[in-house]
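If you count by the numbering used here, then the sequence shown holds residues 1 to 588, one letter each, in order.
The set of hints was computed from the structure by calculation and includes no laboratory data.
Treat the hints loosely; a few may be bogus.
Unchecked claim - Mimicking SDA-like on lysine to any residue, the simulated pairs with C-alpha atoms at most 25 Å apart in a straight line are:
1. Lys489 with Gly522
2. Lys233 with Gln51
3. Lys486 with Ser472
4. Lys482 with Gln545
5. Lys273 with Ala241
6. Lys286 with Lys486
7. Lys486 with Thr451
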Amino acid sequence: MPLHRAALCTFVSILSLGSPIIVHAQQERAARTGSAIIRGLVTDEMGRALQGATLVIDARHAASSDADGEFAITSLLPGRYVVRARFIGYATDSSTATVGAGAVEQVTFHLKAVATTLSTVRIEGVRLTGQALSLNRQHVAEQLISVSTSEEIMALPNANAADAFSRLPGVSLQRHEGEGASVQVRGIDGNLLNVTLNGAHLSGKSEDNTGGDRRVYLDGIPAGLVGAVQLNKTITPDMDADAIGGSLGIESLSADAAPGIRGQGSYGRSDLKSSPVWLGSASIGKRLDRNTAFFLGYSADHNGRVYDDVEPSYARVRLPSGDSATVPTSTSAREYFTDRMRQGVTSRLDWRPADNTTLALTGLFSNFHDYGIRYRQDHNLSAASIAPVDALRGSAAAGMAATSNVQNRTPTDRTGMLGMRGTSLLGENVLDFNATYSLDQYQRVNGRDLTFQQKGLAGTYDWTDPNYPTISPAGTYADPTKFNFKSLKVTDENSRGQDYGASANFTMPMSAGDYGAALKIGGKFRYESKKYDNNILNYVLAPGQSFTLANVIGNFTNANHYDGHYPIAFSPAEQQSEDYVINNPVLV
């Protein structure tokens with residue numbers, strides 16, 4: 001079921017004075033008029049460029065540093081000036097520069113993070129740095145955005161990119177097995193969000209609706225590869241039209257964001273079944289010279305967590321007194337043995353081939369195996385068959401059923417992108433451009449769901465303990481041959497989306513009365529292709545054949561499931577069930 005979509009658009013917008021692009025254009029204009037210019041670079045102590053630093057001489061002469069940490073203060077008369085650099089979370093610094101007519105003076109600032117000492121707590125280091133980087137990017141942005149950088153992301157227990165977005169205001173998550181999966185912004189459906197990875201649009205896929213969903217599942221992208229996440233809550237003319245609910249941008253790490261050789265790891269075990277959890281990452285980021293920087297990073301984590309789950313349902317019934325009451329009609333006891341392995345690699349090359357041109361080549365690929373085995377035991381009660389004793393207890397003569405189920409979960413989630421973007425200064429004008437490719441794939445191979453059922457049972461129900469509604473069929477687990485085959489579903493699915501994009505924007509500085517402005521004209525082409533193949537087999541019992549739980553009963557049992565309130569008596573063995581079906585042609 002292929003789906004193709006292509007879009008070609010142009011846009012025009014007015015940008016406010018003060019953006020890094022306009023600073024560059026003003027710099028070249030001032031140099032031609034013979035006025036003095038002070039330009040330079042703002043970094044932290046590790047040499048990382050600081051975007052959004054404020055450089056002030058007086059009320060009329062100031063500038064902000066751009067994404068590369070560079071700034072230019074123009075239209076100065078010849079003379080001696082003191083330039084002050086300010087950046088949230090960093091100590092203010094100053095430098096003296098003397099410039100002549102038509103001259104350009106270079107200054108460099110290496111700002112130090114401020115450590116705040118309280119009576120009993122000292123706050124300093126990476127966490128403060130991450131907050132400062134995020135707040136300054138938000139401060140200088142031309143629209144309403146929220147940003148979280150790698151320092152903040154890794155300082156909190158974020159497993160993936162979705163978890164990283166959950167720390168931003170207005171964001172909620174759809175979770176899967178305790179981790180964030182897809183994102184909602186201010187309660188708007190995730191289908192109405194636009195998600196980009198290093199500028200490449202992601203086509204989206206969903207485990208719930210693999211073939212027809214636009215939601216982008218972000219649980220496959222390791223948090224250890226994320227340099228920053230940015231949420232644009234207001235739409236501008238240069239955004240895609242499908243960003244109705246907002247635009248989510250993921251940036252991978254770079255040499256400036258993670259300089260040097262880094263490695264980290266952790267290991268632990270959960271309380272239930274002492275199941276292992278570990279993660280590790282390694283990277284190298286190096287600025288080879290002023291014009292070239294390279295980064296390569298790898299991240300992996302594994303979660304073998306085991307967890308219990310109970311999902312009851314209820315109905316309203318009429319009591320003998322004539323009143324009505326809510327009673328439990330089913331309890332579904334489930335135990336999951338997960339095998340979640342997430343891996344990713346990213347690389348980036350930043351290059352300045354000429355003084356007026358910067359280029360960035362980026363790539364990222366992640367692979368997420370969300371495997372697991374689930375054992376499930378259901379007790380069902382027909383509300384029409386019950387005889388209430390009171391509002392909380394009752395019985396049923398033959399209206400109960402019990403099921404025993406095993407499910408093999410085999411999803412694999414792959415995300416990849418390649419891209420090139422750059423900026424060129426053409427006199428007073430600025431040209432920025434990019435070309436991207438992305439892959440978004442969800443695949444399930446030989447997913448199996450096998451159920452046996454015993455019907456027509458008598459028993460009781462009890463809700464006197466408000467936390468644990470119970471349904472108790474009598475004599476259910478004395479004989480596994482009483483559990484007859486109910487269903488077997490085998491699933492193979494492959495949802496694959498690919499997106500090709502290219503854009504170019506041309507910005508020209510203008511004047512709007514006493515204020516500087518810019519006219520921005522651009523065009524974008526995007527081609528998206530989605531393909532969904534599925535093969536879902538539902539088996540039935542061959543005429544005259546018998547297939548019961550006794551044929552494939554396994555060793556799994558758990559009398560202490562959910563603290564002993566919902567014990568699992570016995571279950572099918574997943575591998576034995578698959579072998580039995582292959583070797584015994586009882587199902588068609």
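Checked hints:
Pair hint Lys489 plus Gly522 does not hold up; C-alpha atoms about 51 Å apart against a cutoff of 25 Å. The hinted pair formed by Lys233 and Gln51 meets the criterion: a straight-line CA distance of about 21 Å does not exceed 25 Å. Proposed proximity of Lys486 and Ser472 is supported: the alpha carbons are some 21 Å apart, at most 25 Å. Between Lys482 and Gln545 the alpha-carbon distance is near 15 Å, which keeps this suggested pair within the 25 Å criterion.
As the CA atoms of Lys273 and Ala241 are separated by approximately 48 Å, the hinted pair breaks the 25 Å bound. For the given pair, Lys286 sits about 60 Å from Lys486 by alpha-carbon distance, which is inconsistent with the 25 Å threshold. Distance hint between Lys486 and Thr451 is fulfilled; the C-alpha atoms sit about 6 Å from each other, no more than 25 Å.
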